[in-house]
Every structure is written in structure tokens, then in C-alpha cells.
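> In order, the protein sequence lines correspond to chains A and B.
Here the first sequence is numbered in UniProt numbering, starting from 1 and rising by one per residue.
Here the second sequence is numbered in UniProt numbering, starting from 1 and rising by one per residue.
By construction, these hints were calculated from the structure, which means they are not laboratory data.
As the structure is a computational prediction, the values presented were derived from the model and not from experiment.
Note that the Cβ used here is the ideal one computed from N, Cα and C, for glycine as well.
Just so you know, not all the hints are guaranteed correct.
Here are the simulated DSSO-like cross-link-like pairs (lysine-lysine), alpha carbons at most 27 Å apart as the crow flies [to be verified]:
| # | chain 1 | residue 1 | chain 2 | residue 2 |
| --- | --- | --- | --- | --- |
| 1 | B | K406 | B | K345 |
| 2 | B | K220 | B | K315 |
| 3 | B | K345 | A | K44 |
| 4 | A | K44 | B | K406 |
| 5 | A | K33 | B | K406 |
| 6 | A | K33 | B | K100 |
Covered, in the sense of this in silico footprint (three residues per stretch, anywhere, with C-beta under 8 Å from a C-beta of chain B), are these stretches of chain A [to be verified]:
| # | stretch |
| --- | --- |
| 7 | 26 to 39 |
| 8 | 54 to 60 |
| 9 | 118 to 132 |
From the derived model, a few chain A residues whose C-beta atoms are all more than 10 Å from chain B [claimed, not checked]:
| # | residue |
| --- | --- |
| 10 | L14 |
| 11 | D99 |
| 12 | K112 |
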Amino acid sequence: MGAAHSASAEVRELEGKTGFSSEQIEQLHRRFKQLSGDQPTIRKENFNNVPDLELNPIRSKIVRAFFDNRNLRKGPSGLADEINFEDFLTIMSYFRPIDTTMGEEQVELSRKEKLRFLFHMYDSDSDGRITLEEYRNVVEELLSGNPHIEKESARSIADGAMMEAASVCVGQMEPDQVYEGITFEDFLKIWQGIDIETKMHVRFLNMETIALCH
Amino acid sequence: MEGADLAGKLLSPWLVLVLGLILLPSALGVNLGVSEIYLKVLVKTLQWATIRIEKGGRKESILNSASVGIIERDESPMEKGLSGLRGRDFELSDVFYFSKKGLEAIVEDEVTQRFSSEELVSWNLLTRTNINFHYISLRLTTVWVLGVLVRYCILLPLRVTLAFIGISLLVVGTTLVGQLPDSSLRNRLSELVHLTCCRICVRAFSGTIHYHNKQYRPQKGGICVANHTSPIDVLILTTDGCYTMVGQVHGGLLGIMQRAMVKSCPHVWFERSEMKDRHLVTKRLKEHIADKKKLPILIFPEGTCINNTSVMMFKKGSFEIGGTIHPVAIKYNPQFGDAFWNSSKYSMVSHLLRMMTSWAIVCDVWYLPPMTREEGEDAVQFANRVKSAIAIQGGLTELPWDGGLKRAKVKDTFKEEQQKNYSKMIVGNGSLNAKSD
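Start from the sequences and build out the full structure, keeping to the hints where you can.
And the structure:
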């Protein structure tokens with residue numbers, strides 16, 4: 001980072017917005033530059049350079065989540081074409097561990113944010129509900145690598161799971177009541193009381209600068 | 001005339017010095033100890049510089065070790081990661097796990113970081129290795145400027161001259177030796193020429209090499225495999241013994257050298273078109289090692305240059321030929337100069353020039369005991385066994401990834417393997433779910 005002074009003001013601002021420390025921000029900035037090829041913004045194509053990511057079955061949803069306007073807090077729907085470093089950090093901050101020393105309200109808020117991120121991953125048409133179609137879509141993607149699993153089995157798995165969700169959220173349904181889809185409140189209900197914190201955070205290391213002699 | 005006179009007067013003592021101090025000892029294999037003194041001085045200077053940087057106090061100026069990384073990855077296998085939340089809607093929880101894995105891969109992936117130079121923990125007075133270059137103190141900057149002067153004005157011309165002499169001697173020498181009829185004298189002379197020229201070239205980089213376990217040096221009729229970091233790996237190994245080299249025919253200066261070398265010693269050079277035909281390649285190599293009098297073949301099974309912090313997948317082709325494999329581990333000391341050739345960033349010539357303007361090339365070479373393919377072991381398992389041995393000896397991490405990922409994308413077959421594993425787990429559960437309904 002060339003001119004040290006203006007950069008550190010920016011870094012401090014990012015620190016405040018996203019909660020990362022300044023060393024972590026510098027490291028992430030280097031990673032950002034590596035992914036973007038030294039450009040100021042990243043596009044979807046840039047994520048093709050990460051071999052580890054190729055093995056992930058929901059790769060396309062993860063990449064999409066980076067450009068989702070709802071996650072970037074830029075709008076209720078739609079996808080951005082490219083994201084800059086601040087957007088990159090915003091998405092990363094969803095995966096920061098929840099700081100349990102904060103008040104209960106804050107903890108609840110962070111938890112909600114994480115679940116909302118996941119909700120957006122399922123709700124691809126941004127209508128606020130996870131419909132049966134969208135759910136099936138996710139299951140199919142998760143199972144996409146295995147040629148032996150037919151579409152039918154994928155569907156039945158999705159249908160079964162959806163029914164379970166319906167029973168949790170709505171209770172007993174009338175015979176001709178149609179379950180519209182899982183809303184965000186229903187989603188929260190499903191996960192109430194279950195500890196998702198350990199599953200949904202990435203342990204960012206505290207970069208304590210180590211003084212070393214050769 | 002005066003100018004020419006003056007030039008002659010300046011050059012001749014210098015040439016005499018070069019001859020006496022470098023050429024003769026190289027031919028005789030004797031070490032005068034000049035490099036050792038140079039390195040000792042260098043190490044002391046770098047230690048002083050590190051202390052000054054620490055005293056400077058600014059925390060940002062100290063680099064963090066790249067191997068620590070920025071995140072602590074969750075290395076638990078997929079089964080463990082996915083279980084736990086399984087009582088409930090299993091797909092929902094699995095998405096948690098995969099998005100976490102995905103994010104870890106985006107923040108830091110193990111593979112692409114091997115294709116860029118290693119970051120150093122303490123600065124070695126070369127701006128190219130320090131990403132967070134800050135001004136610390138006047139004294140440090142002066143030392144750095146002095147360093148630049150020494151490297152570019154004193155060391156570089158000397159090294160370029162040496163390289164020039166080395167290469168021309170190689171071409172001339174091997175062509176001359178090639179004129180002799182086939183005999184043991186010719187082989188010995190050819191070895192002598194190769195050894196001398198390689199030693200001169202290594203001195204052109206101020207290279208200091210420590211050989212360990214010389215008793216396991218590759219024997220005739222065997223195959224030598226090593227990890228690959230830089231095009232000068234070949235030079236480093238050839239200073240201690242002659243090998244038959246295998247590779248593609250190039251154009252330009254390298255092509256001239258290749259054609260000259262093959263006149264005196266039967267190196268195996270392939271045309272580009274022949275390289276694609278694996279059977280042809282294997283056949284020629286098999287013929288070569290069948291002749292027990294021929295020098296051992298030198299192969300780099302990774303196929304591309306890796307940055308010397310890890311060993312990537314060994315291609316099985318070299319291990320299908322048969323014969324005894326002599327593994328060799330090469331580890332460079334990054335403090336004195338970066339030997340890794342990032343072929344997407346630098347051309348060969350600019351890479352060599354960068355190495356010539358570093359402090360020195362210091363490396364360790366370990367010869368490992370010979371290995372052969374065991375009963376019931378296929379080429380891939382054998383390749384992995386050899387790879388582990390080299391990685392353990394050299395202190396490098398082992399990665400199952402293919403070095404070809406530098407340029408190509410992940411093979412679909414690899415992706416499908418992973419996803420098959422996952423879907424087996426779901427379907428297992430899915431059928432249970434359906435039953436309980």
C-alpha cells in the first residue's frame with residue numbers, strides 16, 4: 001500500500017464498518033488483488049481461478065451470494081455486475097465469529113444476519129419465500145455431481161424436507177391448504193435454539209505481528 | 001589506439017583474476033572459500049537490518065509468515081462437518097457447511113498460493129520481496145542503496161561475464177568432444193566439460209550448494225527425480241554428477257546449447273509433437289535405461305515450477321518406465337534470493353537476470369535412498385510414495401493437486417469424485433427419511 005496516510009484512514013473506516021482488524025484488512029486486500037488480477041473490482045469470472053472452489057457443489061450459489069444486492073445491502077433484489085473491496089469485506093463479515101462478549105441483543109442480531117445470508121442463498125428470485133421449486137433447485141445442485149442419483153430421488157428428498165418444514169412452521173395443515181413457501185420468519189423458527197455459530201463462521205486469525213530475527 | 005590500450009590494460013588483469021579464481025577451481029572441483037566469506041558477511045548484514053527494522057517499531061513493516069495464513073481452516077472431514085445438525089432438515093445444514101468451505105477457499109486456497117513467490121518473514125534488503133515497504137531509518141536506507149549498487153554494478157557484470165564464459169565453453173567444449181570417436185575417454189571428457197561449465201554457471205549466480213547423503217547419489221542406469229522450482233535446478237544437480245537430460249527441443253540460445261550437448265552425451269531431446277505421444281516417450285526412455293552404461297536420467301515429475309514451499313502431484317508417466325528411482329530433494333533458502341520461476345509473470349531471461357541481481361542462491365540437496373516399485377503397487381501409488389519421501393526430507397508440504405492447475409482448470413473427474421461422496425451421504429439419509437415418513 002503506497003501512500004500510507006490516506007490508506008490508513010480508509011482502513012479505519014473499513015474496520016469500523018466490517019469489524020475486521022487493520023492487519024486482517026490488509027491481508028484480505030492482497031487476496032482481493034490476487035483474485036481480481038490487480039483490478040479495482042471483481043467479477044464473477046474471477047472466482048474461476050480458485051481450484052478449491054471448483055469442488056464445492058454449491059459453488060455457483062456461493063459466487064452469486066457475493067454479487068447479491070441484498071447481501072451487499074444495496075437493494076431488495078438483483079445482482080451487481082462487479083464488486084469492489086468494500087463489498088468484498090461486507091460479504092466476508094457475515095462469516096466472522098459472533099462475539100459473545102457483546103450484549104444479548106447484538107448476538108441475536110449477528111445470528112439473524114448469518115441466517116439471512118443463508119436465506120438469500122436459497123431464495124434465488126428474491127420474493128421473500130423459499131418455494132418448493134427453489135428448494136428442489138438447491139438439493140439438485142448439492143447432488144449434481146453424482147450421475148447415479150436420478151432427478152426423482154432428488155425431488156423426493158426436497159419434497160420430504162419441505163413437508164417437514166411446513167409442519168414445523170404452520171403445524172397441521174388443512175387438506176387443500178397450500179404451503180406457499182418458507183418465509184424468513186419461518187426460517188428463523190426452524191433454527192431457533194440450534195447453535196449455528198460454529199457451522200457458519202470462518203476463524204480469521206488475529207495477525208499479531210511477530211518480531212523475528214533471522 | 002589509446003582507448004583500446006586502456007581497455008586492454010583494464011581487462012587483462014581482470015581476466016587473469018577470473019581465470020585463476022574461477023575457471024581453474026571449477027575445472028578441478030576445488031572450492032576457494034570466497035563464497036563462504038561473502039555469505040557470512042551477507043548474513044551479518046541481514047541480521048543487523050532485521051534488528052533495525054524491529055527497533056523502528058512500526059508494526060506494519062514486519063511481514064507475517066505466509067504459511068500461517070489468514071484463516072484457520074476447518075480440516076475436519078466432510079462427514080464430521082455435516083453431522084451434528086442432521087436431526088433437522090439436512091439440506092439446510094449442509095449448505096452451511098459448504099458455504100463455509102467455499103468462503104475458506106475464496107479467502108485462501110492452498111493451490112494458487114504455490115504459484116507465487118514465498119513471502120519472507122524478515123526483510124532481506126531486496127525491495128522485490130518486501131510488499132510493505134516503509135521507510136524506517138536513514139541508516140537502513142543507506143545500506144539498501146549500497147546493496148543495490150553492489151548487486152547491480154559489481155556483481156551483475158561479473159555474473160553475466162561468467163555466464164557468458166560458461167555457456168560458450170559448454171557449446172565449444174561439447175562440440176569438440178563430439179568429434180572424438182566413441183570411447184571411454186570421450187565419455188570422461190564429456191563429463192569433465194559438463195561439470196566444469198555447470199560449476200562456472202553456478203558461480204555465475206553466486207550459488208552455494210550443500211549436498212547431503214552423497215552415498216545415495218544416482219547411479220548409472222537409474223532415474224533421478226526431483227522437485228522443480230526453477231530452470232537452474234538442472235545446473236544445481238549437474239555440478240555434482242552428470243545426468244542425461246530429458247526435455248523438449250527449444251529454439252534460440254537454449255536450442256543451440258541443447259544441440260551442442262547432445263553431440264558429446266546422449267541426452268534425450270524430444271520434438272514438441274513427439275512429447276504428446278506418451279508411448280513413444282516411454283519407449284525411448286526405457287531403451288535408455290536398459291543400457292547400464294548410460295548416465296542416469298533426470299526427470300521433474302511435477303511438470304512445472306512450484307514455489308518451493310510444497311510438492312505437488314507427481315505425474316505417473318515417469319514412474320511407469322521401470323528401473324530404480326533415485327529421489328532427490330532440493331530446497332532453496334529464500335533469504336538470499338528467490339529461485340522460483342513464475343512463468344506466467346516473467347520470461348526465462350528476465351527470471352535469470354532477477355536471480356543474478358539477488359544476493360546469492362543458497363540451497364540444500366538431499367540424495368535419498370533408491371526406491372523401486374513394489375509388488376501390487378501401481379504407478380500412481382509409487383509416485384505418491386516417492387513424493388512423500390521427497391517432501392519429508394526437504395521440509396515441504398505435500399499437496400495432491402496437479403501443478404498443471406497453474407494454467408488449466410480443475411478436471412471434471414476430480415470434481416465428480418467429491419460430489420459423489422457427498423451425495424452418497426445424503427441418499428443414505430434420504431432413504432431413512434422417506435422410511436420414517
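> Where does the structure disagree with the numbered hints, that is, which hint numbers, in rising order?
When the structure is compared with the hints, none of them turns out to be violated.
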